[in-house]
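Undergrad: Here's the letter readout for the chains.
Number of protein chains: 4
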Amino acid sequence: MKDSAVLLIDCPDRKGLVARVSNLLYERGANILHADQHQDHALGLFFMRVEWALDGGPEVAGVGHESGSHAGERFDLDGFREAFAPLAADLDMRWNLTASAPRPRMALFCSRYLHCVADLLDRWRSGELACEIPLIVSNHSEVKGLAEFYGIPFEFVEAGEGRREEAEARQLELLERERIDLVVLARYMQILSPGFVGRYPARIINVHHSFLPAFTGATPYHAAHARGVKLIGATSHYVTEVLDDGPIIEQDVARISHRDQVEDLVARGRDLERIVLSRAVRWHLDRRILCYGNKTVVFD
Amino acid sequence: MKDSAVLLIDCPDRKGLVARVSNLLYERGANILHADQHQDHALGLFFMRVEWALDGGPEVAGVGHESGSHAGERFDLDGFREAFAPLAADLDMRWNLTASAPRPRMALFCSRYLHCVADLLDRWRSGELACEIPLIVSNHSEVKGLAEFYGIPFEFVEAGEGRREEAEARQLELLERERIDLVVLARYMQILSPGFVGRYPARIINVHHSFLPAFTGATPYHAAHARGVKLIGATSHYVTEVLDDGPIIEQDVARISHRDQVEDLVARGRDLERIVLSRAVRWHLDRRILCYGNKTVVFD
Amino acid sequence: MKDSAVLLIDCPDRKGLVARVSNLLYERGANILHADQHQDHALGLFFMRVEWALDGGPEVAGVGHESGSHAGERFDLDGFREAFAPLAADLDMRWNLTASAPRPRMALFCSRYLHCVADLLDRWRSGELACEIPLIVSNHSEVKGLAEFYGIPFEFVEAGEGRREEAEARQLELLERERIDLVVLARYMQILSPGFVGRYPARIINVHHSFLPAFTGATPYHAAHARGVKLIGATSHYVTEVLDDGPIIEQDVARISHRDQVEDLVARGRDLERIVLSRAVRWHLDRRILCYGNKTVVFD
Amino acid sequence: MKDSAVLLIDCPDRKGLVARVSNLLYERGANILHADQHQDHALGLFFMRVEWALDGGPEVAGVGHESGSHAGERFDLDGFREAFAPLAADLDMRWNLTASAPRPRMALFCSRYLHCVADLLDRWRSGELACEIPLIVSNHSEVKGLAEFYGIPFEFVEAGEGRREEAEARQLELLERERIDLVVLARYMQILSPGFVGRYPARIINVHHSFLPAFTGATPYHAAHARGVKLIGATSHYVTEVLDDGPIIEQDVARISHRDQVEDLVARGRDLERIVLSRAVRWHLDRRILCYGNKTVVFD
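Chains as they are written, first to last, in numbering that gives the first Met the number 0: chain A, 0 to 299; chain B, 0 to 299; chain C, 0 to 299; chain D, 0 to 299.
Derived by calculation from the structure, the hints in this document are not laboratory data.
Just so you know, not all the hints are guaranteed correct.
Identical chains share a label here; the pair holds if one copy fits it or two copies do between them.
Straight-line C-alpha distance at most 20 angstroms; calculated DMTMM-like pairs for lysine to aspartate or glutamate [as the list claims (entries may be wrong)]:
id	residue 1	residue 2
1	1	262
2	143	240
3	294	160
4	1	72
5	1	75
6	143	244
7	294	263
8	294	262
9	1	177
10	1	299
11	1	141
12	1	39
13	1	263
14	1	54
15	294	12
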């Protein structure tokens with residue numbers, strides 16, 4: 000597990016931004032692991048992600064460090080935060096500074112289709128996802144055994160027609176109790192209210208089983224089959240108030256042919272859904288994603 | 000150049016279809032090169048494509064042919080057609096029987112964007128496309144030099160606002176004069192009238208620069224950029240009366256990122272457009288495509 | 000679950016093969032679900048796969064069946080087998096006739112990397128794989144909990160240096176006891192002896208974590224990283240006596256960049272391994288694969 | 000056409016590298032368009048690419064520039080070079096500073112297969128490739144008409160067995176006369192001597208028609224067909240003394256099936272060759288590529 004800090008920045012573009020940020024990091028002895036910038040020239044915006052070691056990192060062989068910090072000495076994150084705040088204010092930056100510990104807390108919402116949740120849990124066990132998973136919520140009980148196997152508390156919350164208000168109240172209670180940072184809708188199949196969504200802005204990730212914006216709504220594989228497309232897709236995105244319209248994080252497609260019936264599309268699509276959802280979750284946890292407008296910057 | 004015949008069939012599904020067709024071919028001594036069937040179980044439809052040699056083909060070493068025809072003897076296509084017609088009528092078949100010679104005659108329509116037409120011409124020269132190209136039509140003159148280089152007559156036909164009727168009259172005249180079998184809109188950028196389209200059913204192929212049905216209409220790359228998709232696409236399809244709604248022949252996509260501006264999408268998209276259009280044209284010329292409803296069967 | 004029979008054929012190519020096979024099926028009242036042929040013109044070989052319903056199938060609406068069999072009457076598979084045998088002998092056919100019931104019995108071999116075995120088990124539970132799984136074998140105990148969760152007997156068989164003979168003797172005993180039809184090496188990491196392999200020709204499927212024939216051997220991701228390739232791959236294949244050299248069933252690749260270290264390749268590769276192995280297993284179980292020479296025909 | 004400068008750097012990794020480079024650029028008033036870094040932690044190396052405007056660029060609306068330079072004032076590239084040199088020396092940097100004008104001069108070498116050269120020329124005409132093309136060399140005359148059409152001098156230089164020394168002498172003479180910066184082997188099919196290659200280190204780009212390192216040598220499509228792979232590939236790379244072993248720039252693959260004969264692979268492969276070669280050329284011309292060891296960093 001990497002012991003690092005990540006700083007995400009977006010602000011109006013101007014000269015000297017990289018210099019000022021990298022100078023401050025240099026002065027405070029940061030050992031930068033990755034840095035990436037992006038400019039949206041049309042909108043005049045600047046985006047940056049910097050990741051640096053917190054544990055001082057190994058000495059690079061044969062290279063004398065010029066900074067005042069010594070290898071092995073822990074980076075002073077609080078000190079940096081204090082020093083950075085006035086700079087950020089001066090440059091109109093929106094910014095977010097996080098450390099890899101403590102790990103973020105993720106809740107999984109699912110229905111009776113378990114391929115996405117099973118895939119995320121297997122990845123989590125193998126160390127691919129840097130988070131805690133203290134909660135699985137479903138309006139079906141199929142996931143119970145899986146939750147037990149991975150040792151994760153499962154909460155059954157009845158949902159569906161006429162019950163949304165009640166269901167969401169209970170879900171929000173659970174999310175707060177577990178101090179959840181990220182909600183992942185792993186084929187949850189229920190529409191969340193604007194009120195719910197507004198509580199977790201850019202912190203609810205959904206997977207939609209089509210190549211958005213094609214085939215929004217409830218039965219995209221049927222619609223794809225009826226239209227006779229030659230590729231099917233899946234899309235992971237942040238949930239916003241407008242259904243299937245939030246910032247897209249990742250998409251992928253698979254080739255199909257005239258031989259494939261709707262049930263074949265459903266089966267092929269499961270592989271796409273697993274992949275686009277798991278990538279989105281990993282990137283979010285690695286703090287690689289910046290939202291702006293209705294789009295995302297996903298840093299490499 | 001293969002010397003072969005292709006039979007395309009679609010009809011209501013029932014038992015014994017393959018047996019009856021393959022028996023007739025066997026009786027008449029056909030050396031089958033490829034055969035493929037497809038059933039749409041939901042609609043109760045049967046589709047078949049058979050290709051066989053017309054030149055008798057080489058003897059397969061060490062295998063005595065049991066049929067009455069001798070290797071090297073030319074297949075009697077007219078005789079087959081006569082024998083097949085009553086069978087087809089009996090089984091409610093729509094069918095189409097063509098030989099590789101004479102080669103179909105293709106016209107290219109283009110505007111000032113020449114990447115698709117240049118690509119098709121290069122493929123044609125290299126022998127990838129089994130057709131004649133006796134005509135290139137454009138409402139711009141940029142293509143003139145290219146047409147000359149490949150030795151293909153170029154006709155300038157002014158089009159655009161207020162001129163469609165006049166332009167189409169001239170175009171139809173040219174298509175008839177040149178006995179055109181297939182019209183390829185290689186980024187032609189003009190909308191054809193229902194009357195024009197009705198004259199060439201399933202014989203006009205267009206390339207649309209998006210992953211249909213997403214982003215129909217005039218500026219799909221702008222729309223894709225605005226929506227923040229992570230893949231862009233291109234689609235080749237037969238033209239019908241409804242814009243961007245005809246049977247899809249082929250689609251492909253390419254990955255993009257937040258770094259790509261609209262002009263980058265346009266550049267990346269050119270590769271997709273070339274590929275999906277050239278595949279559609281080749282498959283049509285190889286008589287691999289059957290339309291039904293608003294969809295296509297593309298035999299391997 | 001489909002109730003069907005599949006006939007796989009390969010033989011020297013000659014005229015009339017399709018006619019003779021489809022006539023026999025027609026005479027006996029088969030309702031063909033899928034049929035596909037392939038010819039290798041260079042080698043003069045013919046390959047065919049036919050699948051037909053065993054339960055008589057539904058009447059196609061409005062179509063009178065001409066054969067003697069009545070809808071709803073069960074297809075007489077033994078009778079067909081008897082009638083087909085002399086025809087096959089006459090035409091020098093190698094052939095294989097199987098019904099969907101009873102389902103084939105699959106054993107999973109794995110090591111401590113569980114992503115492939117977890118993926119296969121999840122697909123099996125969701126009904127994607129038409130088989131029984133009566134046995135999981137490993138030389139590590141990590142898989143125990145997973146096996147229990149899915150209710151599958153787990154056998155620990157110590158393997159590794161100096162123990163192969165003993166290990167294989169025990170494994171063969173287990174395979175025989177459980178009447179195993181297919182062995183899947185889900186990242187098993189041990190090399191099987193020619194003797195073992197010879198007992199299950201074209202019935203042991205392995206996944207190799209490279210795009211074969213590049214990077215054979217033990218550490219392909221390290222080798223790929225050292226060579227600086229821009230795509231990594233994975234390959235599923237039947238196991239033969241020669242390491243990493245058996246008939247390839249499926250391959251896939253993923254894009255990487257200079258940013259990816261060996262551990263990133265390993266993580267990305269897991270997705271490829273899951274996908275190429277699960278496809279190979281499904282196609283084998285659906286009897287879509289024919290081996291010839293050192294290659295496979297995979298019928299659509 | 001962008002009016003910009005690009006600085007490529009590689010050096011031993013140490014703290015403060017980004018800060019020192021970006022400070023100098025800031026002090027001299029550079030308007031940075033793109034910046035990207037990469038660290039190879041295993042080797043302790045640092046790589047950077049910075050691109051900035053030379054024409055001063057437009058004022059970003061509403062943002063006061065803090066530097067001394069005024070918008071619209073041309074960036075002093077020579078002054079920067081002088082100021083940067085001692086810094087680079089101090090930090091053990093290998094570096095390369097280029098401006099977009101004058102445009103690099105590219106020579107195309109080809110044989111009788113013209114799909115790659117035709118593709119590059121069409122892209123060049125459409126403005127995709129920022130270079131001059133003052134020379135096409137071939138040991139066949141098929142390219143003559145194409146060269147004329149694009150108005151590019153064509154030189155026939157006989158090559159082949161027993162003539163390499165003579166041929167290369169003439170080719171080097173032409174390259175020098177035309178002050179060529181980049182040689183592109185667009186399916187040239189002749190092996191260059193180490194002496195020739197040594198004259199243009201990391202400045203000769205070749206396309207090999209396989210997914211390297213699989214299938215090196217003369218007939219990769221035949222080898223791929225014989226092995227029964229399910230994907231074919233193509234690779235663009237810098238030429239080094241060892242055949243098919245130079246730093247890989249780009250690779251891509253396409254799916255094939257048992258139906259595809261060698262000639263189908265050749266046809267499908269042409270699309271791959273065009274794409275991987277044209278990307279490599281474009282990235283080289285955009286100065287996105289850094290070679291180290293036997294690998295490349297390709298900045299986004």
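Undergrad: Hint by hint, say whether it matches the structure.
TA: Now the hints, each set against the structure:
no.	hint	in the structure
1	1 to 262	between (42 angstroms within a copy, 13 angstroms between copies)
2	143 to 240	neither (30 angstroms within a copy, 44 angstroms between copies)
3	294 to 160	neither (31 angstroms within a copy, 36 angstroms between copies)
4	1 to 72	within (16 angstroms within a copy, 45 angstroms between copies)
5	1 to 75	within (17 angstroms within a copy, 42 angstroms between copies)
6	143 to 244	neither (31 angstroms within a copy, 43 angstroms between copies)
7	294 to 263	between (31 angstroms within a copy, 17 angstroms between copies)
8	294 to 262	between (32 angstroms within a copy, 18 angstroms between copies)
9	1 to 177	neither (24 angstroms within a copy, 45 angstroms between copies)
10	1 to 299	within (17 angstroms within a copy, 25 angstroms between copies)
11	1 to 141	neither (35 angstroms within a copy, 25 angstroms between copies)
12	1 to 39	between (30 angstroms within a copy, 16 angstroms between copies)
13	1 to 263	between (41 angstroms within a copy, 14 angstroms between copies)
14	1 to 54	within (9 angstroms within a copy, 42 angstroms between copies)
15	294 to 12	within (18 angstroms within a copy, 34 angstroms between copies)
Hints 2, 3, 6, 9 and 11 from the list above are not met by this structure, while the remaining hints are.
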